[in-house]
Each structure stands twice: as C-alpha cells, then as structure tokens.
Amino acid sequence: MKQMVSATDTAYGTLNVKVSGYDMTVVEHYSQYIHNLCNRLGIQVAESYALPTKSTEVMLMQEQGNKMYVDAVLKTHERVVQLSSLNTSLCPIFVDVLLKNQPEGVQLLVKEHTEADFQTRFKARPELEGLIAQINQ
Amino acid sequence: MLMQRCGFCCIRAEPKKKKKVDPRREQMMRERLKKKLKKLERVPLELIPIEDFITPIRCLDETRKRLPPRLSLEESESRALLLKEWSQYKQKQHMAEVEAIEVALEAQREALEELKLESKELYQAALKPDPLLFPFTHEGPAYTPPIPNYEAPDGKYNDVTKVYTQ
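Taken in order, these protein sequences are the chains called D and V.
All residue numbers for the first sequence refer to the UniProt record's numbering, where the first residue is 1 and numbers rise by one.
All residue numbers for the second sequence refer to the UniProt record's numbering, where the first residue is 1 and numbers rise by one.
Hints were generated in silico from the structure; no laboratory data involved.
Check each hint, because a few of them may be wrong.
[To be verified] Once the Cα atoms are required to be at most 27 Å apart in a straight line, the calculated DSSO-like pairs of lysine-lysine come out as:
#	chain 1	residue 1	chain 2	residue 2
1	D	Lys123	D	Lys111
2	V	Lys128	D	Lys54
3	D	Lys123	D	Lys18
4	D	Lys67	D	Lys123
5	V	Lys35	D	Lys18
6	D	Lys123	V	Lys35
7	D	Lys18	V	Lys65
8	D	Lys111	V	Lys162
9	D	Lys111	D	Lys54
10	V	Lys90	D	Lys100
11	D	Lys123	V	Lys162
12	D	Lys75	V	Lys35
13	D	Lys100	D	Lys75
14	D	Lys111	V	Lys128
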C-alpha cells in the first residue's frame, strides 16, 4: 500500500473519491472521466481501483400472503480514485466540475482514506482473528 | 521425625499443582499459538476478486457468434459524416468546459492576490483545509421528479454479497 499523506496547511491528505451505482458502464466511464480530469488539472492520482461488487436482493411482500418473494437482484458497482493530495484552492473548482458532470443514478462520495478502507479490499482471515482473540484472552 | 516428614510432604504436594504445572502448560500453549500466528502472518493478504472484471462463461460461447451486418455505401458514408459532426460537437463542449475551468482558476487567483494585500491572516486562513468538508456525498440527478403521494410496496433488502475467506 502506498503511504497515506496527512493534511498540511494548504492541502488535504490522501482522499478517496468513490463512485458507486447500479450501471457498470456509467460508473466506469465517470471514474475514467475523474481520472482524466485530475491528470489535466495536475492533481496527483495515487491509485485507481475497483471495490468488490455488492449484490442486494430485493424482497417484496406477496399480495395475498405473508410470504416474501425475491423480486430482483441488484448489483452495486464501486470505483475509487485515490488522490495523494489536493490543494485547498483547487478543491472547490474540482468538486464543482465533478458535480456538474455527475450522471444519473451515480452516487459520489469524497472522504479521507483510512486503514479500515484499505482492509476492506482483502479477504477475511477468520483463523488469524481467532488466534489473536485466543492469545489476548 | 514423622512429623517432620509429614510437613515436608504437604509442602511439596500442593504447590506443585499450582505453581509449576499450570504456568508451564500455559506458557507452552502461548508459545504454540504465537508460532502459529507468525506462520499465518507471513502469508501475504489476498485481494477479493472483482466480479466485474471476470467475463461470464456464457459470453465466451462460440455458437452465439454473429458476423457484423453489411452496410451500403450511402449508409456507411452518412455514418462517417454523423461521427464527424458528433466529434465536433463534443470537442466544442470540451473546449467550453476547459475554458470555464481556466476562467474560474484565474478569478480565484486574482481574488487571493487581493486578499493577500488586504490582510495576511485572512489569506492564511483561506488556504487552510476545511475539516468539516469530508465525508462529502452527492446523489446524481434523476430523469423525473418524485411521484407525489407514491405508496412504496412492503419489502426489504438482503445483502447477499459473497464473503471470501483466505
């Protein structure tokens, strides 16, 4: 993992611009657009990766009974563009351009990068966690 | 002599169970667990595979392949002209956007210069990052406004994402 940069007096630290939505092509194209915009404006992009796809089952109540039936399976796709640093003066213009070009059905989320965010990309290790719990007991 | 022996046996028998055996066993257990932990920690973390990037097998089916349709000359020419018009339109859009960004940057730069001349403290404060800005969320626009007095059907969402373990 690349080093996390912390905020200074004139710039923000490592930021995650997360684009999520149900339509994969729109989400991908929007994240590519953000990446190109950063290259054009001189903002340094640390990483550009995809988070695992989340599947959600939509259960609806039946009209005549108390049972639920599966209506549809929706897949939420997420792409992350990680910026190593963003100048405070450039930030409002950057976010303004992002908002003006945001397509329908796509949610934009900008937040600081944390270690927990990094760990969500990896597989869970139940044995390791079990051992650590045992040792700490 | 007998009394002394009794006392000696008693002192020996009980502390053996309390002091030596339990801590030894506990230490052995802990060492084993630590060795196991070290072995597991050496294995590098694996990334969760992303379904988006794996083509489903039914798309690689050879029997479903089709040849592209044949186009007449006029059709292909009109398509080429349409493509050129579209690219010109998109280029104008792009140049307008780039120009708008440049104008905004220039205006901001001038404003900051003026602020610097006015007061240095305000200038420094203007350059400081905003801690309340993040996390920042925004929903994309919708095609239609929300339907008035809409009654949503009863139901719930279930998260069925596949959990991968190493």
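Is the straight-line distance between the alpha-carbon of Lys75(D) and that of Lys35(V) 27 Å or less? violated (41 Å)
Assess, step by step, whether the Cα of Lys111(D) is no farther than 27 Å from the Cα of Lys54(D), and give holds or violated. It holds: about 20 Å lies between the C-alpha atoms, which stays within 27 Å.
Proposed proximity, Lys65(V) with Lys18(D) (alpha carbon, max 27 Å): Cα-Cα ~36 Å, so violated.
So if I understand the rule, the pair passes when the alpha-carbon distance is 27 Å or less; does Lys123(D) with Lys162(V) pass? holds (11 Å)
Straight-line Cα separation of Lys67(D) and Lys123(D) no greater than 27 Å? Violated: Lys67(D) and Lys123(D) sit about 34 Å apart, past 27 Å.
Are Lys128(V) and Lys54(D) close enough, with their CA atoms no more than 27 Å apart? Not OK: Lys128(V) and Lys54(D) at ~37 Å, beyond 27 Å, violated.
Measure nothing beyond the straight line between the CA atoms of Lys90(V) and Lys100(D); if it is 27 Å or shorter, mark the hint as holding. holds (16 Å)
Hint consistency between Lys111(D) and Lys162(V) [alpha-carbon to alpha-carbon, up to 27 Å]: Holds - the C-alpha atoms of Lys162(V) and Lys111(D) are around 26 Å apart, at most 27 Å.
Are the Cα positions of Lys123(D) and Lys111(D) separated by 27 Å at most? Between Lys123(D) and Lys111(D) the Cα gap is close to 23 Å, so the pair holds against 27 Å.
Checking one constraint from the list: CA of Lys111(D) to CA of Lys128(V), max 27 Å. Satisfied? holds (17 Å)
Is it true that the CA of Lys123(D) sits at most 27 Å from the CA of Lys18(D)? Since the Cα atoms of Lys123(D) and Lys18(D) sit roughly 20 Å apart, the hinted pair holds (cutoff 27 Å).
Is the hinted pair Lys35(V) and Lys18(D) satisfied, with a Cα-Cα distance of at most 27 Å? violated (39 Å)
Violated hints, in rising order: 2, 4, 5, 7, 12; the structure is consistent with all others.
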